[in-house]
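**Student:** In this text, residue positions in the sequence shown follow the numbering used here: the first is 183, and each later residue adds one.
Calculated from the structure, these hints are not laboratory results.
Think of the CB as a built atom: it goes at the ideal place given N, C-alpha and C, for glycine as much as any other residue.
One should not assume that every hint holds.
In silico DSSO-like links for lysine-lysine, alpha-carbon gap of 27 Å or less [claimed, not checked]: (1) 628 with 595; (2) 679 with 646; (3) 698 with 591; (4) 303 with 435; (5) 617 with 712; (6) 698 with 595.
FRET-style restraints, in silico, Cβ to Cβ [as the list claims (entries may be wrong)]: (7) 269 with 291: 38 to 48 Å; (8) 716 with 623: 47 to 57 Å; (9) 664 with 304: 55 to 65 Å; (10) 529 with 304: 23 to 33 Å.
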Amino acid sequence: MSPRPRRALVGLVAAAAAVAALPAAASAAITPALTISQSGTTAGSTPTISFDAKFTSTAGDAPKDATFALPPGLFGNENINGGACLASSSPSAACQVGTGTLTLVGTPSQPFMVDLIAPPKAGDIGGLAFVSGGTTTVIGEVKLTATGTDVVFSNLAAGITEVTTSFTDLRLPTSCPSPSANVTLTADSQQSATPVSTTAPLNVTGCSSLPYAPTLTASLTKDAKDSGVAIVVGITQAANESGSKTIVLRLPKGLTPNVGADAPCLNTTGCTVGTATATSSLVPSIALANGTVKLTAAGTTPTIAISFPALGLTLPGTVSLTNNTVTFANVPDVPLTSLTLNITGANGQKAFNTDCAPANITGTFTAQSGATHSASSAIKFTGCNARATATGSTSGLASGHPALKFQVKEATKVASVAIGLPAGLRFSHSAIVSKRVCTTKHGKKKCTTTTLIRGLGISGPAAKAVVLQGGKLVITFKKAAGSVTISASGPLVSETKALQTSVKKHKTKSLTFTLKVTDAKRATSTVALKLKAH
């Protein structure tokens, strides 16, 4: 690194004072011009990038406030010096990120160093200090916006005609738009508050050559007392990969929203339902260590928003209850090497329930470069050891007189069972007959309803209720038991002619039944039971 200059600023200060003393012209204004030079254009690389901003005026005017709007993905390395630069507002040689020159009217150019410093204001993600002769002459506020990054300079000294800066740690975007994205310089003047703008193109090439292969991990920890579950989802990438533009996470069918806990959050205020952490080669870990996951709703559409306040970064995700997906669209081109979401719930309740059935989480990713990638990962379950087991048998299918038998066991006792049938079999409502009997004694009338289900047999606990819901036979027991045997035949169970023929000709050799078992603690598990067809 070259020695930091120690030149006195007396000449600059005197020139600025002289310019400020000039009489103002009512229509005075400036004309900005911007040029950019790059030592390289490869996407995701860090070439030397130089900016030359010139300000001309026919009436002795000069810029007062200036904003450089950088395109998405042009991102500085805030992780230099181990991230310590963002913790101090004092410039330091260890935090130097560039060099430059400042020219005032009537004076020769004066060199300065550019140092990364702490965010000057709340909402900034960092600051830039122009240091000359050991004195800070200009401070810029670095802000992350929806369209990129802004560097804002306010209340500049009067008389500035040109500012050049050169950076060696700016990471180029991983998208290659055509035509090229622009850097926009917007400035007002000492004598006019009307802003004027100019642009210069930033050239980026080679996006299609960038690697892109995000990976997924997921783990679920079930509550001991119910089916509520805490979810941890992780996405990782290599530092040299393209950034993600769109992320679609698909949850398994057995992972469902806890409606009672989530409903109070489905409004514009919402609820914090978890935490988020991330890592980046360009961002200090402390800025990505305390993120939040918030559940809200826009109208009838639930939204999960991941926010990192220290970085000013928010990733809104749209929830589809129909597809069981969360879609994060328009993800900023900030290079994240990992993103971990830990979703619990609000107000001491879990946001999701699980049936503990083995399942995968899948992700569909689209890169800033346009590349696509799919990933899938088996979910690691904790707290699901005491799952229900089931055995069974079939008979009479070949003759058109189906008879089914199931034995269900659960370590924490069976409270209810919902039986789902395969194609070709169905439960008949006509087999359920209710009879109401009323008697009068001592002038008081008492009525009882008895329900008879023809073709149903239960061995073990007595049934409290038997209903058909969505084509499934749901049996709730008066008292939970460790084991229950259920038999079902005609007229409760009917069979299509097509299935009978297929079994008779040995074309259908097995059938799969689903049994959703709820235990005494209200935790549920689903068993897919494959039985031979007889």
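**Student:** With the threshold set at 27 Å, check whether the alpha-carbon distance from residue 303 to residue 435 stays at or below it.
**Tutor:** violated (45 Å)
**Student:** Holds or violated: are the alpha carbons of residue 628 and residue 595 at most 27 Å from each other?
**Tutor:** The given pair, whose Cα atoms are some 35 Å apart, is violated under the 27 Å limit.
**Student:** For the pair supplied as a hint, residue 617 and residue 712, is the alpha-carbon distance within the 27 Å limit?
**Tutor:** violated (36 Å)
**Student:** Need the status of pair residue 698, residue 591: alpha-carbon distance at most 27 Å?
**Tutor:** The hint holds at about 12 Å.
**Student:** 55 to 65 Å was suggested as the range; check whether the CB atoms of residue 664 and residue 304 agree with it.
**Tutor:** 59 Å Cβ-Cβ, so the 55 to 65 Å window holds.
**Student:** If I claimed the Cβ atoms of residue 269 and residue 291 lie 38 to 48 Å apart, would that claim hold in this structure?
**Tutor:** The hinted range 38 to 48 Å is violated for residue 269 and residue 291, with Cβ atoms some 32 Å apart.
**Student:** In this structure, is the beta-carbon distance linking residue 529 and residue 304 contained in 23 to 33 Å?
**Tutor:** Since residue 529 and residue 304 have Cβ atoms about 29 Å apart, the given range 23 to 33 Å holds.
**Student:** Could one say that the CB atoms of residue 716 and residue 623 fall in the range 47 to 57 Å?
**Tutor:** Distance hint for residue 716, residue 623 holds at roughly 51 Å.
**Student:** Quickly compare the C-alpha distance for residue 679 and residue 646 to 27 Å and report which way the hint goes.
**Tutor:** Judged against 27 Å, a Cα distance of about 34 Å means the pair is violated.
**Student:** Holds or violated: are the alpha carbons of residue 698 and residue 595 at most 27 Å from each other?
**Tutor:** At roughly 13 Å apart (the allowed maximum being 27 Å), residue 595 and residue 698 satisfy the hint.
In terms of the numbered hints stated before, the structure departs from hints 1, 2, 4, 5 and 7, listed from lowest to highest.
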